[in-house]
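Sequences listed follow chains A and B, in order. Going by my numbering, the residue at position 41 of the first sequence is 41; the numbering climbs one at a time, nothing skipped. When you read off a place in the second sequence, starting at 1, and then add 164, the result is the number in my numbering.
In short, the hints are calculated from the structure, not lab data. Heads up, the beta-carbon is just placed ideally off N, CA and C, and yes, glycines get one too. All the given hints hold, so there is nothing to weed out.
Examples of chain A residues toward chain B, derived with CB under 8 Å: (1) Val12; (2) Leu38; (3) Val41; (4) Met53; (5) Leu95; (6) Val102; (7) Ser107; (8) Leu145; (9) Gly148; (10) Val152.
Okay, the calculated beta carbon distance ranges per label pair: (11) A/Ala83 / B/Pro170: 42 to 52 Å; (12) B/His195 / A/Val9: 26 to 36 Å; (13) B/His257 / A/Asp125: 44 to 54 Å; (14) A/Gln74 / B/Thr265: 15 to 25 Å.
Residues from chain B that face chain A, not an exhaustive set, calculated with beta carbons under 7 Å: (15) Trp189; (16) Val198; (17) Ile206; (18) Ile216; (19) Gln229; (20) Ile236; (21) Val237; (22) Ile238.
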Amino acid sequence: MIWMTLLLVVLVLAALWASMTTALLRAALGLALTSALLAVVMFSMGATLAAVMELSVCAGLISVVLVSVTSLTQRRPLKEALANRRSRLRRYWPLPLVLIAVGVALSFVHAPVEIALRVPAGDGDVRTVLWSLRQLDLFGQILILLAGVFGVLVLFRKEAKHDD
Amino acid sequence: MTIEIPQSFWLYFTFFALLLVDGLWCMLATHNLVRILIGLEILMKSVTFFLIVAGYLSGRMALAQALVITVIVIEVVVVVVVAGVILGFFRKHDSLDVENTRSMKG
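Could you put together the complete structure from these sequences and hints?
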């Protein structure tokens with residue numbers, strides 16, 4: 001439990017670094033670190049398949065997309081960047097204090113939790129749940145992926161027309 | 165059916181809340197579109213973490229993993245489409261400031 005708590009503390013610190021750091025590239029790397037640590041947490045809890053997905057897709061693919069967007073949109077002069085850093089510090093300095101306050105406040109809560117709910121059928125192997133019991137979810141995922149692909153295609157096609 | 169949740173729930177809930185506040189603050193305190201996307205990602209990490217914790221504590225990890233995989237697929241699509249929108253916005257306005265969206269139609 002101590003190991004898990006330490007892991008979760010590092011996870012929150014990585015997320016804090018991702019949101020507070022001034023350079024967008026470092027923020028993207030902080031997010032990748034957060035995803036990798038979350039994958040370790042998932043693996044520790046026994047969610048191996050979800051951990052692999054998190055590590056490959058979120059820590060890998062999404063980081064590549066964010067780094068690409070950052071590299072394609074960085075054209076700020078040095079003076080403006082320095083002014084922006086000071087402005088950012090003013091907006092973000094209360095965040096660590098707020099996080100500490102939330103953490104301390106919630107550490108005092110130890111109320112017993114009992115949740116009454118109708119548990120949906122299906123447990124055991126994740127592959128059985130995904131491919132046999134939740135086929136509609138899978139169908140929805142495929143539709144969403146196709147929608148994403150078409151969305152990107154439409155965006156770039158409009159851009160090409162605009163360039164002409 | 166009633167599920168009794170162990171006391172460790174509050175420890176996990178605390179870290180979920182910290183990630184949630186962090187993501188919300190990241191989204192609200194900035195004018196940069198890429199940073200808003202990063203804040204949204206941190207929010208989705210908190211949701212993913214809480215789904216896994218729910219599966220771990222209730223002993224229904226297979227169901228939780230199926231839901232997390234769905235969330236990850238949607239997350240990727242959202243990030244890729246928003247990244248495309250951000251690039252299009254930057255090419256048009258030469259800026260990532262969200263204040264510039266006020267001049268847009270709609």
